[in-house]
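Visitor: The primary structure of each chain is shown beneath.
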Amino acid sequence: MEQFFQQLTNGLAVGSIYALIALGYTMVYGVLKLINFAHSDLFTLGAYLGLTLLTSMSLTDRLGPVWGVLILAVMVMGFVALAGALLDRVAYRPLRESPRLSAVVSALGASIFLQNTVMLIYGARLLVYPSNILPKTVLHLFGLDIPLVRILVLCVSLIMMTGLYLFIQKTRIGTAIRAAAIDQGAARLMGIDVNRVILLVFMLGPSLGGAAGLMVGLYYGQVNFTMGWGYGLKAFTAAILGGIGNIPGAMVGGILLGVIEAMGAAYLSFAWKDAIAFLVLILILIVRPTGLLGERVAEKV
Amino acid sequence: MKKLLYFALALSLMLGTAHTAQSAKIGLMGPMTGSWASEGAEMKQVLDLLAEEYNAKGGVLGGKIEVVSEDDGGDPRTAALAAQRLSTQGIAAVIGTYGSAVTEATQNIYNEAKIIQVANGSTAIRLSEKGLKYFFRTCPRDDEQAKVAAQTIQKLGVKKLAILHDNSTYAKGLADETKTLLDGVKDLKIVFFDALTPKEQDYTAILTKLKETQPDLVFFTGYYGEAGLMLKQKKEMNWNVGFMGGDATNNPDLVKIAGSDAAEGFYFLSAPLPKDLPSEEAKAFLAGFTKKYGHPPNSIYPVLAGDGFRVVVHAMEQTKSTDPDKIADYLHKDLKDFPGLTGKISFNEKGDRVGEVYRVYKVNKEGQFILQP
Chain A
1 MEQFFQQLTN
11 GLAVGSIYAL
21 IALGYTMVYG
31 VLKLINFAHS
41 DLFTLGAYLG
51 LTLLTSMSLT
61 DRLGPVWGVL
71 ILAVMVMGFV
81 ALAGALLDRV
91 AYRPLRESPR
101 LSAVVSALGA
111 SIFLQNTVML
121 IYGARLLVYP
131 SNILPKTVLH
141 LFGLDIPLVR
151 ILVLCVSLIM
161 MTGLYLFIQK
171 TRIGTAIRAA
181 AIDQGAARLM
191 GIDVNRVILL
201 VFMLGPSLGG
211 AAGLMVGLYY
221 GQVNFTMGWG
231 YGLKAFTAAI
241 LGGIGNIPGA
251 MVGGILLGVI
261 EAMGAAYLSF
271 AWKDAIAFLV
281 LILILIVRPT
291 GLLGERVAEK
301 V
Chain B
1 MKKLLYFALA
11 LSLMLGTAHT
21 AQSAKIGLMG
31 PMTGSWASEG
41 AEMKQVLDLL
51 AEEYNAKGGV
61 LGGKIEVVSE
71 DDGGDPRTAA
81 LAAQRLSTQG
91 IAAVIGTYGS
101 AVTEATQNIY
111 NEAKIIQVAN
121 GSTAIRLSEK
131 GLKYFFRTCP
141 RDDEQAKVAA
151 QTIQKLGVKK
161 LAILHDNSTY
171 AKGLADETKT
181 LLDGVKDLKI
191 VFFDALTPKE
201 QDYTAILTKL
211 KETQPDLVFF
221 TGYYGEAGLM
231 LKQKKEMNWN
241 VGFMGGDATN
251 NPDLVKIAGS
261 DAAEGFYFLS
271 APLPKDLPSE
281 EAKAFLAGFT
291 KKYGHPPNSI
301 YPVLAGDGFR
311 VVVHAMEQTK
321 STDPDKIADY
331 LHKDLKDFPG
341 LTGKISFNEK
351 GDRVGEVYRV
361 YKVNKEGQFI
371 LQP
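Line by line, the protein sequences are chains A and B. Read in this note's numbering, the first sequence has 200 at position 200, and its numbers run on one by one without any break. Read in this note's numbering, the second sequence has 267 at position 267, and its numbers run on one by one without any break.
These are computed hints drawn from the structure, not numbers from a lab. One or more of the hints may lead you astray.
Ranges between beta-carbon positions, derived for each pair [claimed, not checked]:
hint	chain 1	residue 1	chain 2	residue 2	range
1	B	275	A	143	38 to 46 Å
2	A	74	B	261	27 to 35 Å
3	B	334	A	121	42 to 50 Å
4	B	278	A	113	42 to 50 Å
Beta carbons are placed, not taken as given, at the ideal position from N, Cα and C, and that holds for glycine.
Please build the complete structure, drawing on both the sequences and the hints.
Guide: What follows is the structure, given as C-alpha cells:
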C-alpha cells in the first residue's frame, strides 16, 4: 500500500506538468482547430530562457529564492508569450484562410525551426540548472518520503490551471475566447476582434508551457533541446484523453495520464509504461471518442 | 574509332591525374546534430586537430590529409545517406561512428565501396561478426565490458543485484550479457531486470519500484543523462543504495545533473578517461587539444576516433598506398601494439581491438572521477 501512495505522488507531480503543457495544445485547438506542434518547443524555450535569465542576472542571489524564482517565472512567461505571439504572426496568421493541412505543416516546420534554433544557440549538450536554488527538504508524511519540491510543483500547476480556468470562465476576455472557439464568424458579428483573441490564446498557452519548462528545469535540473518532444507527445495525449479543446479536460487528462503511467510502471512492467498509458488512451477513446470531458467538440464535429 | 581512342586517352589521363592528386582524403561520419551532437562535434575537433598536426609535418604519402565530414544525425537513416555521399568522394577510409545501430546501417555501404571503416563508439558485438573485411573499431566490444562488469559486481560482494537498461541496442546488449554471466553465480540473485524509457526526466516511478526489491546494487547500462537524474532522485527519496553504470554514463555532466552529493559513490565502467591516459602521445595530444579549443576533450569516444584516424594514417604510411585491401591487410595482420592515444592498439581478424580497455571508476565527494585500482 505504501508503494501505491508513493507512486500516486510520483504520478501526480509528472501529471501536473503534462497538464500544464496540455493546456497550450487544447486552447489553440479550441479556437483554431489547429494542433500547434511547435508548442512543445516553446516549452523547451521556456526551460532554456529560465536558465539564461537565472545565471546571467543571478536573481536568486539578489532577491532570495522565493522572490527570485517568482520574478524569474514572470519574466520567462512573458518572453515565451512573446515568442508565442510571434509564432502566430509569422507561421499561422498568413495561413488563416488556407486549408487546415497547410497550417499543420507550418506548425511542424515551426517546431523543427525552433528546436534547431535552440540547439544552435545553446549547443547540443545537456545543460544543467544550478542545483542550490530549490529547498531539498524531504517531508515524511504518513510513512512516505515526499520531496517538498514535488508538492510545490503540483500546487503551482494547480494554481495556474485554476487561474486560467477562472480567467476563461469569469472575465469578459475569457468570454470572447469561448465565443471565438464556438463560432468565429458569429463572434466577429458580435464585435469580437477574433485575430486579437487568437493572439491572446497564443500568448496564454505558451506562457503556461514556458512556466512548465522552467519548473522542469528547476526541479529536474537538466535541459536539452529535444526535451520538448517527449513532454509534448504526452501532453498532446493528455489533451486528447481529456477531450481536446476543453480546458478542464486537459487538466484531468494530464494528471490522469501521469498517474496511469506511474501505476502501470509499478504494477505491470516499467518498460511497457508508455504502451500501457497509450492502451488506456485507446480504451477510453473507444468508449468516449471525444475524450473524457469533450462533449462540446462532439456537437461540432 | 580514332575519336573514341582520343576520348579513351583523355579519360585515362584525367583519371591518372586524379590518382596522383596531392591529398589523401579521410572521411568522418559523426553525429553533428541530434542527441549525440556533442560527441560528433568533438570527434570533428579531434580529427581537425590531428590532420593539422600531420599536415604541419608534411602530411602523408607526400600530400596533405583532408578530412571530409558528414553528419549521421545519430540516426540510421541519415547515416545511410551520409555513407552514400561519403563513398562518392574518393575517400580511402572513414572514421566513425558513435552509435552501434547507426554504424550498422552504414557497414555494408562502405564494405561494397571498399572503404575502410573504423568505428569509434559502436560496441555492439554483432558488428564485427559479419565477416566484413574493411570494418574495424577502436572501442572495445560489449561482451568485454560485460565481463568487467560481472567481475566488478562480484568483487563488490553484491548479493542482490538489479539490472536496468533502456532498450537501446547497446544498453540491452550489455545488460543481457552481464545477466548471462552472473546467472549461475552462487550467493548472487538478480532481483530486478527491466528497462526504462530514455529522455524522460522523472524516474521516481521506477526508483520506487526498484526500492521494493531491496537490491544491494543497481547496474544501469544506459546513458549519463538518465543516470544523473536517477542518482539525484534516489537521494531525494532517501534511498541509500549502490549504483553502477556502463561506459555510457562516463561524462562529467553526470555529476552536474545529479549534484556531487548525490553522485558520490557512483561506480562506472569506462575506457580510461582522457585525463588518465598514461602514454606520452596522449599527453601531447591532450595539451594540443586544450590549447586549440580551450578545454580537454569531454569524452573518450572522440579520442578513440582520433586513434582510428592515426591508425589509418599509419597504415597508409607503412603500405605507401591508399589501397583499401593493402590497408586492411596491414591492420589485420601487421599492426602490433601501435602506440595509440588510448593505449596499445592491435586488431584481430574480425577487426576488433585486442586487449583490455575497460577500467572501473568511482565518483568521489568533490564529484571527480577516480580510477579504481
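Visitor: Indicate, hint by hint, whether the structure satisfies it.
Guide: Status of each hint after checking the structure:
1. One distance hint, 38 to 46 Å for the beta-carbon pair residue 275/B and residue 143/A, holds here, with the actual separation near 45 Å.
2. One distance hint, 27 to 35 Å for the beta-carbon pair residue 74/A and residue 261/B, holds here, with the actual separation near 31 Å.
3. Checked against the given bound of 42 to 50 Å, the beta carbons of residue 334/B and residue 121/A, roughly 48 Å apart, stay inside it.
4. Distance hint check: the CB atoms of residue 278/B and residue 113/A are about 47 Å apart, consistent with the given range 42 to 50 Å.
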